[in-house]
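Turn these sequences into a full structure, and let the hints steer you where they fit.
Number of protein chains: 2
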Amino acid sequence: MAGGEAKKPNKPNSSAGKKKEVKKETGLGLSNKKDENFGEWYSEVVVSGEMIEYYDISGCYILRPWAMGIWDIMQEFFDAEIKKMKIRNCYFPLFVSPGVLQREKDHVEGFAPEVAWVTKSGDSDLEVPIAIRPTSETAMYPYFSKWIRGHRDLPLKLNQWCNVVRWEFSNPTPFIRSREFLWQEGHTAFATKEEADAEVLEILELYSRIYEEYLAVPVIKGKKSELEKFAGGLYTTTVEAFVPNTGRGIQGATSHCLGQNFAKMFEIFFENEKREKAMVWQNSWAYTTRTIGVMVMVHGDDKGLVLPPKVASVQVIIIPVPYKDADTQGIFDACTATVNTLCEAGIRTETDLRDNYSPGWKYSHWEMKGVPLRIEIGPKDLANNQVRAVRRDSSAKKDIPRADLVEQVKEMLASIQQSLFDAAKQKRDACIQVVKTWDEFVEALGQKKMVLAPWCDEEEVEKEVKARTKGEMGACKTLCSPFEQPELPEGTICFASGKPAKRWSYWGRSY
Amino acid sequence: MAGGEAKKPNKPNSSAGKKKEVKKETGLGLSNKKDENFGEWYSEVVVSGEMIEYYDISGCYILRPWAMGIWDIMQEFFDAEIKKMKIRNCYFPLFVSPGVLQREKDHVEGFAPEVAWVTKSGDSDLEVPIAIRPTSETAMYPYFSKWIRGHRDLPLKLNQWCNVVRWEFSNPTPFIRSREFLWQEGHTAFATKEEADAEVLEILELYSRIYEEYLAVPVIKGKKSELEKFAGGLYTTTVEAFVPNTGRGIQGATSHCLGQNFAKMFEIFFENEKREKAMVWQNSWAYTTRTIGVMVMVHGDDKGLVLPPKVASVQVIIIPVPYKDADTQGIFDACTATVNTLCEAGIRTETDLRDNYSPGWKYSHWEMKGVPLRIEIGPKDLANNQVRAVRRDSSAKKDIPRADLVEQVKEMLASIQQSLFDAAKQKRDACIQVVKTWDEFVEALGQKKMVLAPWCDEEEVEKEVKARTKGEMGACKTLCSPFEQPELPEGTICFASGKPAKRWSYWGRSY
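Residue numbers (full-length UniProt numbering), protein chains in the order written: chain F, 1 to 511; chain D, 1 to 511.
Just so you know, not all the hints are guaranteed correct.
Short derived list, chain D residues pointing at chain F, Cβ under 10 Å [stated by the list, open to error]:
1) Val100
2) Ser124
3) Trp147
4) Phe169
5) Gln329
No lab work stands behind these hints: they were computed from the structure. Glycine is no exception: its CB is placed at the ideal position from the N, C-alpha and C atoms.
So this is what it looks like as structure tokens:
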């Protein structure tokens, strides 16, 4: 050890990091409460739960293994599903030349203010500044034009897993709003609109499954308004989640039909079966690391993260509870044996055998990290040939005979997964308020509700609503028009304009 | 179809793309030969084989599904192996602030000229330019300092799969030398040098397996010279491949022991078991998409790519060979049935049932793409209840009874994998020349050999050799000192300096 060389460890001055340090040292819970101080609670729980570390560049965050494990599990699911749909992975460059970036006018207007530009390499100025992709439509479609010649080249279905950069200035928040994030972006081209329409919904269903089956977060499937749709696209479908504590909606993931707009700008033509020249129909769709943040916001509590078993890197944590004269080695051996039994059954299990922390400290630590199920093994358990299982979500305890271990743990994990979803859905549903008039609308917003209202579906009216609700809480906008539409009796009028209503739409403040 | 709107398709003017277009249309082979015109052959084969598309920013390339499939297979292997070693995935930001980038002097000197800088977002100048990671040591290690406190926090073993940017100006080449590339980078910290040393070799063994078991490319394991080691590290181990056609060595992947140099600069201290302050020992290691380029260079031939079965997205391509009066539908059905049988057995198989291409065109097309095994099914095969299998590597043909299909196809794929490695090793070995004197050295270099020579292992001497060999072919340098050292009798002198030789070292021109 070259310990002699060691200076006094001046830890780097990261103010964001600094304020969390105490937690890491003590592991004794959060200083903010979810119901009282949501924003601070969220920042604290993602750091203390060891998902995120604040980085020395504002709006950028380190995804620690505890977060990446969740991302990897979702990726494994989604990647396998899209492969079944014959969508293939590719990788396009991070850099986009200004010429192609600007080719689709609405699209570039939507993204231009947030584009990061590389202007130098080493000490030299580049001849032309180069954009970092905020999304890859414009990087990819010149090559779609090159690759697609005849109807046999269609459909062309590509996906890539990558990072993108949007240099936002408002309220950076880990996972939810960051200047760089990870995502998959799918880009497909079809001969017919029907095929494109069908794929949009097939992908949206996968996004819904990621939220509901994996993250145990209920979402509403629907269509975005003209004002909120993807810049340059034809229409946008979305899965919308809701955070009851803040009363804000959050766009979960979007699947866009681009129509033929990009095809026109990028000249993506093909010869159809009648030997006529035709233009392709395109989709693009993406989900991001935001998913993880939504999950934290929905399930986390005052003890820390609460991870759904299907995405938790560690589903079961086993903690030895030695006691005075007890057979400590026997307890430790039982812990190791239990890990092995569960791992062999495909259950992601670890044991915490550290000798410098008390069982109580370990309980808090693994609760903070949100592990779905804790197993305690003490002298009594050893004597009775059982283990004690404690659920993270409900704190419910259960003694399990060792003979039934695998079966009962599997059942408990499935039950936790279901309970998390049910509880979240119940809370979310309780926040949905149907309104018919402007006054009801304003009242519901004030109560942090997600509002379902009959709407005339006019862009100008949405702009007016935005303007009229612009207060300290932020403007209210449409979240989506749900695919599941309640009945809309003839003569129903728009809550905002008084004109005839065309559809029901969800409205709310949002992330 | 909005075909009426279609203008004459002015395909984008990509000169790099343009020159390849004819190939895509005809699929009738390469216009360059590997032995005559290696550089052009390589550029042509990666494009015609549909691995790469040239991009409108110089030095950046599109990785098409045919290349990404190979990357994904290697990633699956490597990721599972490092998980067994308890290395966990994370994700650090793309951006690095100038302060930390410059903290380790040798390191920044090694990378500074190639760093791309972001200076603007939207229309605004950033307060401080921000670097795009050329590698992540400096981005990560301030946080290692924060996370590591005591010996129980060690080892810390992280990995990330990501893109990095090195804005090189010399000879961009797909896969081999590009301004952005994909890689994994592992970063680990240990309490002792012994642990770090052991991991360096464990990782190097995985890199060797990627090349030899997956890509069927023989590599030499060894240590880099002081001049060639990683900037700022203690020592660098490497797997070195060789391209006989150009007589150039190529660094395959490197596993570095960083020693305590970065630990010192980034103040990564811990309290050891004796409660003393100590500094960690660190490693970093990476392999990149370059691996794919090496594979293409080693195995490709004048008909196109030659893919080793273990990494081929499609291991078997089935082509119907209908004939005049024959039962075409029966043949097509047999193709589909054969795909199903092989896929169920876990063999990646597709069939090409397009009706607008002849069997001969399809043979050429799939040979160009390097599919290891082609199965032809014609009327005779149907009648005899057999298929005809044709190897891509040797063109050897074999009739297989349908009853033995799975077993024999598996055998043939294993045999192709082995033959590719054996052939590559034989060629590589034939290029190794042992020399003892400067004259022999110069002669061997002229014959495109990889030279194994006794060396005094002095940095100044390597610089001299570089200077003396700087010709139109490029300077010669050390590739590595192989771990398998031939005997070095007492009194052996260095081929270049005449001083006593300390070890055998490989020398050559390199990529």
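Legend entry - Interface hint compliance - valine 100 of chain D to chain F, C-beta minimum distance less than 10 Å: holds (7 Å)
Inset, instruction - Under 10 Å, Cβ to Cβ, is where serine 124 of chain D needs to be relative to chain F, so tell me if that hint holds or is violated. - result: holds (9 Å)
Legend entry - Hint check: 10 Å Cβ-Cβ cutoff, tryptophan 147 of chain D to chain F: holds (8 Å)
Inset, instruction - Verify the interface restraint on glutamine 329 of chain D: the C-beta must sit less than 10 Å from at least one C-beta of chain F. - result: Nearest chain F Cβ about 20 Å off; hint violated.
Inset, instruction - Would you settle whether the hint for phenylalanine 169 of chain D is holds or violated, based on the nearest Cβ-Cβ distance to chain F being less than 10 Å? - result: Constraint on phenylalanine 169 of chain D satisfied, holds at 8 Å.
Checked against the numbered hints given earlier, the structure breaks only hint 5 and satisfies all the rest.
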